[in-house]
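Engineer: Using the sequences and the hints given, assemble the complete structure.
Just so you know, the protein sequences line up as chains A and C, in that order. Counting with my numbering, you get residues 1 to 381 for the letters of the first sequence. Counting with my numbering, you get residues 382 to 762 for the letters of the second sequence.
Hints are computed from structural coordinates only; laboratory data are not their basis. The beta-carbon is built from N, C-alpha and C at its ideal position, and this holds for glycine as well.
Here are the computed lysine to aspartate or glutamate pairs in the DMTMM-like style, where the Cα-Cα straight-line distance is at most 20 Å:
| hint | chain 1 | residue 1 | chain 2 | residue 2 |
| --- | --- | --- | --- | --- |
| 1 | C | Lys676 | C | Glu742 |
| 2 | A | Lys347 | A | Asp136 |
| 3 | C | Lys730 | C | Asp512 |
| 4 | C | Lys676 | C | Glu744 |
| 5 | C | Lys423 | A | Asp38 |
| 6 | C | Lys686 | C | Glu668 |
| 7 | C | Lys746 | C | Asp712 |
| 8 | A | Lys42 | C | Asp406 |
| 9 | C | Lys423 | A | Asp37 |
| 10 | C | Lys746 | C | Asp406 |
| 11 | A | Lys42 | C | Asp419 |
| 12 | A | Lys349 | A | Asp321 |
| 13 | A | Lys295 | A | Asp373 |
| 14 | C | Lys686 | C | Glu696 |
| 15 | A | Lys42 | C | Asp418 |
| 16 | C | Lys676 | C | Glu759 |
| 17 | C | Lys423 | A | Asp25 |
| 18 | C | Lys686 | C | Asp578 |
Covered stretches of chain C, going by a simulated chain A footprint (3 or more residues, C-beta under 8 Å):
| hint | region |
| --- | --- |
| 19 | 405 to 415 |
| 20 | 462 to 472 |
| 21 | 493 to 499 |
| 22 | 605 to 615 |
| 23 | 635 to 644 |
Spelled out from the first residue to the last, the chains are:
Number of protein chains: 2
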Amino acid sequence: MTKIAFDGVPVAGTINFGLGQPSADLLPVSLLQTASDDFYSKAAGLELNYGELQGDERFRETLGSFLGRTYGVPAHANSLLVTSGNSQAMDFVCERFTHPGDTILVEEPSYFLAFQIFRDHGLNIVGIPTDADGMDIDALEETLTRTTAAMVYTIPSFHNPGGQTLSARRRDRLLELSRQHDFIIVADEVYQLLYADQLPPPALGCRTCEGKVLSLGSFSKILAPGLRLGWIQTSADLMAVLLDSGQLNSGGSFNHLASHVVRHAIDMGLQEAHIGFLRTAYQVRLEAMDAALGKHLSNIARWRKPGGGYFFWLELPEMADCAEMRKRAGDFEVGFQPGEYFSNEEKLKNCLRLSFAHYREDEIKTGVRRLADLIATELGS
Amino acid sequence: MTKIAFDGVPVAGTINFGLGQPSADLLPVSLLQTASDDFYSKAAGLELNYGELQGDERFRETLGSFLGRTYGVPAHANSLLVTSGNSQAMDFVCERFTHPGDTILVEEPSYFLAFQIFRDHGLNIVGIPTDADGMDIDALEETLTRTTAAMVYTIPSFHNPGGQTLSARRRDRLLELSRQHDFIIVADEVYQLLYADQLPPPALGCRTCEGKVLSLGSFSKILAPGLRLGWIQTSADLMAVLLDSGQLNSGGSFNHLASHVVRHAIDMGLQEAHIGFLRTAYQVRLEAMDAALGKHLSNIARWRKPGGGYFFWLELPEMADCAEMRKRAGDFEVGFQPGEYFSNEEKLKNCLRLSFAHYREDEIKTGVRRLADLIATELGS
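Structural biologist: Dropping the structure here:
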């Protein structure tokens, strides 16, 4: 199995579209300072103690209302569990619901670092093809005739890395299959609120009564990754399994103090204002990347313009080897993630993922031009 | 296996010595507000982004110096991994180093909620007897002749629940056995700095070169549980195994933002001042509990006065059933943790654990009197 190095350290001068992270100007220092001050100026000592296993009830009520305003359907506090971000939540979900050797079905391509989490739990990963409407549900149904799956992992809106969104019709069918085949849908919905101009279909978190759904949400993409704060939205049955955890029973809430600060941020209206700010900023960057790709790469690459999220997925001619190309990208002061990282079958070698989240409009233009130079040099076109 | 309900919710009027948590007046709201303000007033946007897998390097340097001043031996930043508290650290360590069916050796009695974490990982738990000097190392050695252990879990200083401290001689032998039998020592050292008047022997965290040691430390007991911030101190070899984790690779540092705030608290001298304050406060409570036990229970109970930490361990006459007694404790407006919770073999029914951390001196006197009334009523003395 290819060992993938973490690509999180920016190199000065290089425009690394491999970084799926917000840029410094999008990270809300003063917002968090305000929310933090507001919390501490009213805080009682016991609020710094161990929290409820499921997470602070006031936070879960505030979060439930926030989801009502943003997802469109209010969530009951009882349906929400506080996590320390989606990576922790994925690991935790594997621990609570799987055994080594169980099968998990994932989109092909899918989020590369999720693979490592699933392998840490000894899971057998099977890929399901995707197209412009997300996971191919016919292929999923066919796979389920010969495979017993414990879980299906999906990124329904603004896919990482594909950028596409699972259609409403396919969401219905996925839920129907979950009931029929008794698997758990682990829906990674971190990009749900980062739409450019058109809302995606309702989050699977709004539909936890229609199948076995664990919807994973996070403040990493809408506030700050460093907070390590997220949530799982699910049914009472699955919640009971999550809560019966030694780690939770011993430590209390997964991230108690951060939940107080974010509760104040939401209650003060700061979180929703920040999402508005992010949507505008990301839309500008998305359009800039689409235009630059159109200008410099339309002759050689194919892509779909995403409706939101962080990512463009580029397909180069069959003979391209993007992992090889990546090794020489530094010479062109540009970076990206090779497509094969996102393949469970070490395919997709001619594809690559670009994130538009970490750079300003002008940097995106420059970076795409450099990428086009690299590709031209490598493919000799 | 007995299912143990979390006993974390205080009942008004009841003095519940079952609560192993600080009281409101010991939780540092203004300290954290000051440290938080100091961080945010100087923060750069990117400090809110994903952190280094091992944890922010500046924080690890600050923590290493702090350990030099408090443990007596400075720790290199490379030997430290940031965790989100000891419960998460224990779970993580099981995930990285064990397989279902592996054996873990624990002190009998030991921290009851650790059992649940180990069971969540399918581990086979075997108890090793303890006495006034901690784990009986002869018994450990004897067990190792017929059992292959993946890990030995120990609480070396101011044991939970026993209150005693592993002697220097036994620490040497434990490390020697770790080398001989190639098991990992998981040392839960959360009470190390909460000594009453005499320093315990050096933490096992200072001796990671002498055996396979994972020393677990936490800010829960010396600052605030709600922070969910701790650390693992270990050798380069074991660190490499910890870092090769999907969850870390995906999410970055386990608790990045909290580590910034605590870095400022340490650098401003606030953390060490707070430890001084806690040591004084807990010493008063410890003495109050010892005196009250002497006054009300010396005729029927036996205990060792602990040298620090949170806990007294009481032994009642053989026929006592403390779990049964606990059911009627509410009538006396008092609470405790029955001894059998801390036994891996459902023994120790005539023992109980009292925490002196959550109540003031006067409340401790009143609570112990109530406990004596309960015991007298139950045992008909």
